[in-house]
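Number of protein chains: 2
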Amino acid sequence: MAAVRNLLFIMCDQLRHDYLSCGGHPTLKTPHIDALAARGVLFRNAFCTSAVCGPSRMSFYTGRYARTHGSTWNGVPLPVDELTLGDHLRPLGLRVALAGKTHFVPDIQGMARLGLDPRSPETLLLRTGGFEPFDAYEGHVRPPDDAPYMRYLKTRYPGGDPWTGFVVGAEAPDGTTADGWLIRNAHLPARVAEADSETAYMTDRAIAFIREQADKPWCLHLSYIKPHWPCIAPRPYHDMYTRDHVMPAVKSERERLDPHPVYKAFIDMEVGQSFAREDVREAVIPAYMGLTRQIDDHLGRVLAWLETSGRIKDTMIVFASDHGDYLGDHWMCEKELFHEPSIRVPLIIVDPDPAADVTRGTVRSELVEAIDLVPTFLDAYASKVPRHRLEGRSLMPFLRGPAPTAWRDAVLSELDYAFYEAREFTNRGANDARAFMLRTERWKYVFYKGFPPQLFDLAEDPSELVDLGRTPGHEKVRQEMHGRLLERLTDRRNRITMDDEWVLGARDREMAGGIVIGRW
Amino acid sequence: MAAVRNLLFIMCDQLRHDYLSCGGHPTLKTPHIDALAARGVLFRNAFCTSAVCGPSRMSFYTGRYARTHGSTWNGVPLPVDELTLGDHLRPLGLRVALAGKTHFVPDIQGMARLGLDPRSPETLLLRTGGFEPFDAYEGHVRPPDDAPYMRYLKTRYPGGDPWTGFVVGAEAPDGTTADGWLIRNAHLPARVAEADSETAYMTDRAIAFIREQADKPWCLHLSYIKPHWPCIAPRPYHDMYTRDHVMPAVKSERERLDPHPVYKAFIDMEVGQSFAREDVREAVIPAYMGLTRQIDDHLGRVLAWLETSGRIKDTMIVFASDHGDYLGDHWMCEKELFHEPSIRVPLIIVDPDPAADVTRGTVRSELVEAIDLVPTFLDAYASKVPRHRLEGRSLMPFLRGPAPTAWRDAVLSELDYAFYEAREFTNRGANDARAFMLRTERWKYVFYKGFPPQLFDLAEDPSELVDLGRTPGHEKVRQEMHGRLLERLTDRRNRITMDDEWVLGARDREMAGGIVIGRW
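In the order they appear, the protein sequences are chains R and H. Residue 24 is where the first sequence starts when you use the numbering used here, and the numbers rise one by one after that. Residue 24 is where the second sequence starts when you use the numbering used here, and the numbers rise one by one after that.
Simulated from the structure, these hints should not be mistaken for laboratory data. Using N, Cα and C, we set each Cβ at its ideal position, and we do this for glycine too. Accuracy of the hints is not assured; some may be wrong.
Said to hold, decoys possible - So, partial list: chain R residues that the calculated Cβ filter (under 7 Å) puts toward chain H: (1) S143; (2) L147; (3) L148; (4) R511.
Stated by the list, open to error - Okay, the calculated beta carbon distance ranges per label pair: (5) K499(H) with R207(R): 33 to 43 Å; (6) E447(R) with R136(H): 18 to 28 Å; (7) P495(R) with G384(H): 15 to 25 Å; (8) E510(H) with R165(R): 34 to 44 Å; (9) E510(H) with G198(R): 15 to 25 Å; (10) R542(H) with E447(R): 10 to 20 Å.
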């Protein structure tokens, strides 16, 4: 074992924290991810800053909350002056590259105002979220013809559009191609061969990158787009799991009686209506499990290569997901809102340094957040953490001990639901569809602009089936949580252009500049 | 009269709202500013977003609160992706220029990261806050040798440093030069001739600009650095007012009994200690009044030129100050904290359009904020107000009627006191020295991170002498104000890269992109 030299930052898309065997799933087996947990530290109370791909990932990459970095939903460009992982790690001598998805959208307008040409080589990193695009692939929609994966597919499936026809095309029993987006087809196999599927291909590319780097230091973001929609798995993963492996939905009829207006708007959307049906869950969840198992199998290949190449000795490995998935719990599907299946994420960190031997295989229950990763990485490289910008805290003390005696007592997550039908259902404007959640060990409080709050007692009601947001008996708790949320929001790091040391030296500089105020 | 074609945006530095005769001052006469009020609308409840030059001005220029734009104190660079007045108005065909001060500091680090050369002509506007520097002059400290005003001074006062020797140099009775920074010298005349003083020079430059523009449209920010420190006036203004013209300090011994810890830290600073003394007030305030009267006289020259040139018919005139000055009230001097003398600012708007004839000479009592000016200007030019960025509201309805039936019921102001000795007195870190004020018509509530709040009942105690922040009887009011402050803070416009129309069209675009979530 050696000090941290490389960083393998693995992310899944929409993987629930409890859909791993080490996360407690009773029927899904994920031996390779379990092996990571055994080798490192599993954070069982890890949370995303927003249960939507784009804002959550921008928080993972910037170390800042969603409202702070401003990319509050998918497709909202990250302002050009936000720093990402690449900005933080490249100066340390690492090659910082991407294999897979970021959901980053460049701030073309901001670049144009600054006179920056968004097509020039000089602005490449501003277009790619700071990652060298070793193999960028956003998935979800048909990739452009010149995307590497698309070019690869065309060599394997000549003629036509292989992505639509094979990757998200399902093989119907009559031999025709069925639409993999439609959930009634989730039980069918994808027409793509497993070895050509998104997960297999991106794993190949990750291994190619690591091989290419040899002993030169690197950070690779291996970012799978699965098990996110479209929920369609290649053989043999499409029917590896059946309805017998599906856990019952966590929901109660009581939740639909006098529901919170925003919650009601979400369960009224089409996806919520679909997942209220048991047959939908039984069609989709086995495919979701198969896709997760497939990722686990391919991670086994990556780990084997790290062993073979010796890189296991100097590579920090992080495994996470951008958010979870309701999968029918609470009459919801997708994510967005603040119940645990949505905002809690798997998080495992393996630190190769011998100093971390004392914590291998441990499980931490502290409340950690996606924004903690950037400071953790900087700390792993013994680099200064710019606290005027970064809103998270380094997790290194949990890896090398001793664990901190004082830690945050609440996590913050937020939602900009202006982009949903739910905004129309609730009659909000473009800037009013906002929700902020503060969750302590015991309480989960959700503030909705213009609506009453939600409140859940996680001690008495760990399944979050009873909303105490409007019950007379909990006014005091709500007020306390409201006050704490305000305190939290005032803690935003918006003074990004001046570091703390400079701030603390302000008075001396002013005096040195000749300014004398109020002296007789 | 014609429609708005030009914009003359006049700003004073540290001018209290009530140090104008139209603002109610009993002994100070400001006939030309009064004439503006008679010709336009006086907003008697106008507030700055932070009672410190830099953050306040950045709010005037960006239309955004201090914590939002991030330049929370003097010298903190405005992030390079913030848009200022120039960005908003230049596309409308105006020449947007500056005569005087902005307190803008360019984001050199941000520029460097983006590969922008901070010395190139292409980045000029990024270095000047978006204003063409017709005659930039920051004052307060000795200007660089190549500053236009310094060059002018050198022609008038050859040899040595004319700024230190004449502009802030006072003429002692024995003929020697006394230091104009020291308040014991405030009653002495500056050694500079009145016609060469900062206020006179900058007025000349403003008239030169307006003359040069002839009938081409423009926005000129005429930004005086007076009556800000150093408090030293040229003849005849240095002794135009005497101690007999000084209003008694608004303060009470009760304020110093068990004071709020942050308030105590400020009154314990040297400037507060000085202004607790009556002799200090009586030395400084007459000079402050003289400097104000001087500005008024020179504004008379500007107005005369607008009449002569005909520009009065198509020029909107705005008169404001960046913040006030305690001048010994509440045992304080300077500004920073949230009492009315500090956060309330003079604001007059003259709209040349005949549609505004119905409101001329009226006084409005609505709560308006510095961030309202950018939307007002855009509205005056019938240009779209980008509501995803701008946090204020257009004041045009108050100018042309009918006045809005619904208006904001509270103003927000904030302070980042990390830069003061008061931070050390209160043992705060660089990111913890934060205060936020919410003021309604009746209540003023100040939230201090890590401390109890302050609360003033403006109906019962308009002089703000009784802090109700910790009295048992006002818990309900404090909680209500606390809740409203949270609501206000969640209203920040941090999603700056996507306009509202685009947000509202998000669902259609997603569907068009082929993404189908949750359909059977």
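Evaluation of the provided hints:
1. With 7 Å as the threshold, the beta carbon of S143(R) stays out of range of chain H, its nearest partner Cβ sitting at about 9 Å, so the hint is violated.
2. A hinted interface residue such as L147(R) counts as satisfied when its beta carbon comes closer than 7 Å to some beta carbon of chain H; here the least separation is about 11 Å, so the hint is violated.
3. The beta carbon of L148(R) is not positioned within 7 Å of any beta carbon in chain H (closest approach about 10 Å), and the interface hint is therefore violated.
4. Because the beta carbon of R511(R) sits about 10 Å from the nearest beta carbon in chain H, more than 7 Å, this interface hint is broken.
5. The hinted range of 33 to 43 Å is not satisfied by K499(H) and R207(R), whose Cβ atoms lie roughly 55 Å apart.
6. For E447(R) and R136(H), the hinted distance range of 18 to 28 Å is not satisfied, since their beta carbons lie about 40 Å from each other.
7. Here the CB-CB span from P495(R) to G384(H) is close to 53 Å, at odds with the stated 15 to 25 Å.
8. Separated by about 42 Å at the C-beta atoms, E510(H) and R165(R) satisfy the suggested range of 34 to 44 Å.
9. Between E510(H) and G198(R) the Cβ separation comes to about 59 Å, which falls outside the hinted range of 15 to 25 Å.
10. For the pair R542(H) and E447(R), the supplied restraint of 10 to 20 Å holds, since their beta-carbon distance comes to about 18 Å.
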